[in-house]
Amino acid sequence: QKEVEQNSGPLSVPEGAIASLNCTYSDRVSQSFFWYRQYSGKSPELIMSIYSNGDKEDGRFTAQLNKASQYVSLLIRDSQPSDSATYLCAVRGGYSSASKIIFGSGTRLSIRP
Amino acid sequence: GAVVSQHPSWVICKSGTSVKIECRSLDFQATTMFWYRQFPKQSLMLMATSNEGSKATYEQGVEKDKFLINHASLTLSTLTVTSAHPEDSSFYICSARGGPSYEQYFGPGTRLTVT
Chain S
1 QKEVEQNSGP
11 LSVPEGAIAS
21 LNCTYSDRVS
31 QSFFWYRQYS
41 GKSPELIMSI
51 YSNGDKEDGR
61 FTAQLNKASQ
71 YVSLLIRDSQ
81 PSDSATYLCA
91 VRGGYSSASK
101 IIFGSGTRLS
111 IRP
Chain F
1 GAVVSQHPSW
11 VICKSGTSVK
21 IECRSLDFQA
31 TTMFWYRQFP
41 KQSLMLMATS
51 NEGSKATYEQ
61 GVEKDKFLIN
71 HASLTLSTLT
81 VTSAHPEDSS
91 FYICSARGGP
101 SYEQYFGPGT
111 RLTVT
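Chains as they are written, first to last, in our numbering: chain S, 1 to 113; chain F, 1 to 115.
Hints are computed from structural coordinates only; laboratory data are not their basis. C-beta atoms are modelled at their ideal positions from N, C-alpha and C, and glycine is treated no differently. Treat the hints loosely; a few may be bogus.
Partner residues are not named here, just some residues of chain S that face chain F (Cβ under 7 Å, in silico) [to be verified]: (1) S43; (2) G59; (3) F61; (4) P81; (5) I101; (6) S105.
Counterexamples of contact, computed for chain F against chain S with all Cβ distances above 12 Å [to be verified]: (7) T17; (8) Q42; (9) S43; (10) M45; (11) L74; (12) T78; (13) S89; (14) G107; (15) V114.
DMTMM-like mimics (lysine to aspartate or glutamate), calculated; alpha carbons at most 25 Å apart, straight line [to be verified]: (16) S:K100 - F:D65; (17) S:K2 - F:E22; (18) F:K41 - S:D83; (19) F:K41 - F:E63; (20) F:K41 - S:E45; (21) S:K2 - F:D27; (22) S:K100 - S:E5; (23) F:K41 - S:E3; (24) F:K20 - F:E52; (25) S:K42 - F:E87; (26) S:K56 - F:E103; (27) S:K100 - F:E52; (28) S:K2 - F:E103; (29) S:K100 - F:E103; (30) S:K2 - F:E59; (31) S:K67 - F:E103; (32) S:K100 - F:D27; (33) S:K42 - F:D27; (34) S:K42 - F:E59; (35) S:K42 - F:E103; (36) F:K20 - S:E3; (37) S:K2 - F:E52; (38) S:K42 - S:E15; (39) S:K42 - F:D88.
With these hints in hand, go ahead and build the complete structure from the sequences.
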């Protein structure tokens with residue numbers, strides 16, 4: 001079992017709709033969770049971080065965390081063509097803030113006009 | 001947000017030569033820097049972790065004598081690909097971690113082509 005699992009996609013969503021990206025992780029003691037966006041040929045960009053159960057909203061993005069289910073999600077409202085990218089879920093394992101971040105393999109999102 | 005730079009952004013070199021890539025954290029002190037490699041349409045692969053002033057820790061399968069990492073200061077780490085071969089052609093990305101939240105920020109990447 002991979003430490004951080006994501007559906008590779010592609011996930012196709014019409015413009016203006018809500019895109020929902022999901023991620024599960026295996027290390028129960030993980031404390032920090034991140035979503036990165038990576039455009040083709042570019043390096044990843046941090047878009048959201050979440051540390052406690054519940055929802056965290058930032059503009060059109062909402063991250064959701066459920067530690068009991070070991071599940072993290074990212075919702076993108078009012079999807080735009082510019083949101084088309086690969087989204088990487090990342091989890092910091094262990095209790096220490098200095099622990100290594102483990103990345104999922106990414107979900108490719110395509111917003112169709 | 002925090003800014004990480006990489007230089008060069010792209011490089012073409014001949015087989016057998018060495019290439020050095022620099023990674024700098026511009027507005028924060030990075031206690032730890034990471035080097036990743038990414039082949040086309042594949043996910044990030046962590047190569048090594050380096051802490052300022054100490055030897056890098058390499059991931060399994062990564063040759064430490066081929067990929068030399070130096071983390072000389074809290075704002076600079078370098079990766080040297082020695083005796084490069086065409087199969088080393090890839091997108092090399094550094095990442096720096098620091099600040100109160102220990103968040104990790106990526107540099108823009110260096111595209112290496114070995115001919």
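So, going through the hints one by one against the coordinates:
1. S43: holds, 4 Å
2. G59: violated, 14 Å
3. F61: violated, 14 Å
4. P81: The hint is violated - P81 (chain S) has no Cβ within 7 Å of chain F, the shortest such distance being about 21 Å.
5. I101: holds, 5 Å
6. S105: Where the cut-off is 7 Å and the nearest Cβ of chain F is about 4 Å from S105 (chain S), the hint holds.
7. T17: Given a closest Cβ separation of 24 Å, the condition holds.
8. Q42: Violated, because the least Cβ-Cβ distance between Q42 (chain F) and chain S comes to about 8 Å, which does not exceed 12 Å.
9. S43: Given a closest Cβ separation of 4 Å, the condition is violated.
10. M45: violated, 9 Å
11. L74: holds, 15 Å
12. T78: holds, 17 Å
13. S89: The claim stands: S89 (chain F) keeps its Cβ more than 12 Å from every Cβ of chain S (closest is about 14 Å).
14. G107: Incorrect as stated: the minimum Cβ-Cβ distance to chain S is 6 Å, not above 12 Å.
15. V114: holds, 18 Å
16. S:K100 - F:D65: Holds, because 23 Å separates the two Cα atoms, which is no more than 25 Å.
17. S:K2 - F:E22: violated, 31 Å
18. F:K41 - S:D83: Since the Cα atoms of K41 (chain F) and D83 (chain S) sit roughly 18 Å apart, the hinted pair holds (cutoff 25 Å).
19. F:K41 - F:E63: Since the Cα atoms of K41 (chain F) and E63 (chain F) sit roughly 23 Å apart, the hinted pair holds (cutoff 25 Å).
20. F:K41 - S:E45: This hinted pair holds, its Cα atoms lying about 17 Å apart.
21. S:K2 - F:D27: It is violated: about 34 Å lies between the C-alpha atoms, which goes past 25 Å.
22. S:K100 - S:E5: holds, 16 Å
23. F:K41 - S:E3: Satisfied, since the Cα-Cα distance of roughly 20 Å is no more than 25 Å.
24. F:K20 - F:E52: Roughly 18 Å separates the two Cα atoms, so the pair holds.
25. S:K42 - F:E87: Roughly 20 Å between the alpha carbons, so the hint for K42 (chain S) and E87 (chain F) holds.
26. S:K56 - F:E103: At roughly 16 Å apart (the allowed maximum being 25 Å), E103 (chain F) and K56 (chain S) satisfy the hint.
27. S:K100 - F:E52: Holds, at roughly 16 Å.
28. S:K2 - F:E103: This hinted pair holds, its Cα atoms lying about 22 Å apart.
29. S:K100 - F:E103: holds, 11 Å
30. S:K2 - F:E59: holds, 16 Å
31. S:K67 - F:E103: holds, 19 Å
32. S:K100 - F:D27: Satisfied, since the Cα-Cα distance of roughly 22 Å is no more than 25 Å.
33. S:K42 - F:D27: holds, 21 Å
34. S:K42 - F:E59: holds, 23 Å
35. S:K42 - F:E103: Since the Cα atoms of K42 (chain S) and E103 (chain F) sit roughly 19 Å apart, the hinted pair holds (cutoff 25 Å).
36. F:K20 - S:E3: Outside the cut-off at roughly 32 Å; violated.
37. S:K2 - F:E52: Given that 25 Å is the threshold and the Cα spacing comes to 30 Å, the pair is violated.
38. S:K42 - S:E15: Satisfied, since the Cα-Cα distance of roughly 23 Å is no more than 25 Å.
39. S:K42 - F:D88: holds, 18 Å
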